[in-house]
Amino acid sequence: GAVVSQHPSRVICKSGTSVKIECRSLDFQATTMFWYRQFPKQSLMLMATSNEGSKATYEQGVEKDKFLINHASLTLSTLTVTSAHPEDSSFYICSARDDGTSYEQYFGPGTRLTVT
Amino acid sequence: QKEVEQNSGPLSVPEGAIASLNCTYSDRVSQSFFWYRQYSGKSPELIMSIYSNGDKEDGRFTAQLNKASQYVSLLIRDSQPSDSATYLCAPYGGATNKLIFGTGTLLAVQP
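From first to last, the protein sequence lines stand for chains C and H.
Counted from 1, the first sequence has number 79 at position 79 by the working numbering; the numbering is strictly sequential.
So the number in the working numbering is just where the residue sits in the second sequence, counting from 1, plus 1000.
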């Protein structure tokens, strides 16, 4: 149990285009999901907290108009990187908090984004 | 003071030995604590959760929590080369309503 999927696993896009990443909790409901970014050999960096039915909460320094988050159901959150630039190339990882447990949070497999 | 402190390592142990990973945290309100394992190039995987003072065992893993000392640890018995990874300590921050991740300890188990 406690499986989180993420799609796509890898994406290459041209500078200036937008990319959408999907995060799904497959066997549990998740009112709250999180989006992280990780650069090589660096720590996880929380970008935003996604809440079902309400606006996402962004961490300081993260542009909400560039990283659009939608949490339309209890099992799906999406992150759209708009007008991508090469510096947005990174490993994007979502996680979902299981509503049925004490704050246990499960991670998706991640999406490796390369902007050319 | 960092919210979560871990020795970055690498912590090198021989195969079959006990690996001891330590973590201190600053938020006294934290009530839930988690250990994640992250292999290079992969996403983190939840391996242990602990909520009460004392020890919690699960297979080769034992988590230890001391809230008075704001200290949590993870012991890995009979370490295997496949345990080589970065281990992330993550208290649940009651004030922030989210996990606070340490920078992780890189464990290297030598065959």
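Since the hints were made in silico from the structure, they are not lab data.
Accuracy of the hints is not assured; some may be wrong.
To be verified - Label pairs and their calculated CB-CB ranges:
no.	chain 1	residue 1	chain 2	residue 2	range
1	C	Q42	H	S1012	20 to 30 Å
2	C	G16	H	R1060	22 to 32 Å
3	H	D1058	C	Q42	23 to 33 Å
4	C	N70	H	Q1080	24 to 34 Å
5	C	S5	H	S1020	31 to 41 Å
6	H	K1056	C	K41	24 to 34 Å
7	C	T101	H	K1042	34 to 44 Å
8	H	L1075	C	P40	26 to 36 Å
9	C	T82	H	K1056	38 to 48 Å
10	H	G1059	C	N51	40 to 50 Å
11	C	S5	H	D1078	30 to 40 Å
12	C	V3	H	R1060	14 to 24 Å
13	H	D1027	C	N51	17 to 27 Å
14	C	V3	H	L1011	22 to 32 Å
Claimed, not checked - A few chain H positions that, by computed beta-carbon distances, are all more than 10 Å from chain C:
no.	residue
15	K1042
16	S1043
17	A1068
18	L1088
19	P1111
All C-beta atoms, glycine included, are put in the ideal place defined by N, C-alpha and C.
Practice task
Find the hints from earlier in the document that the structure breaks and name them by number, from lowest to highest.
Solution key: 2, 4, 7, 10, 15, 16, 18
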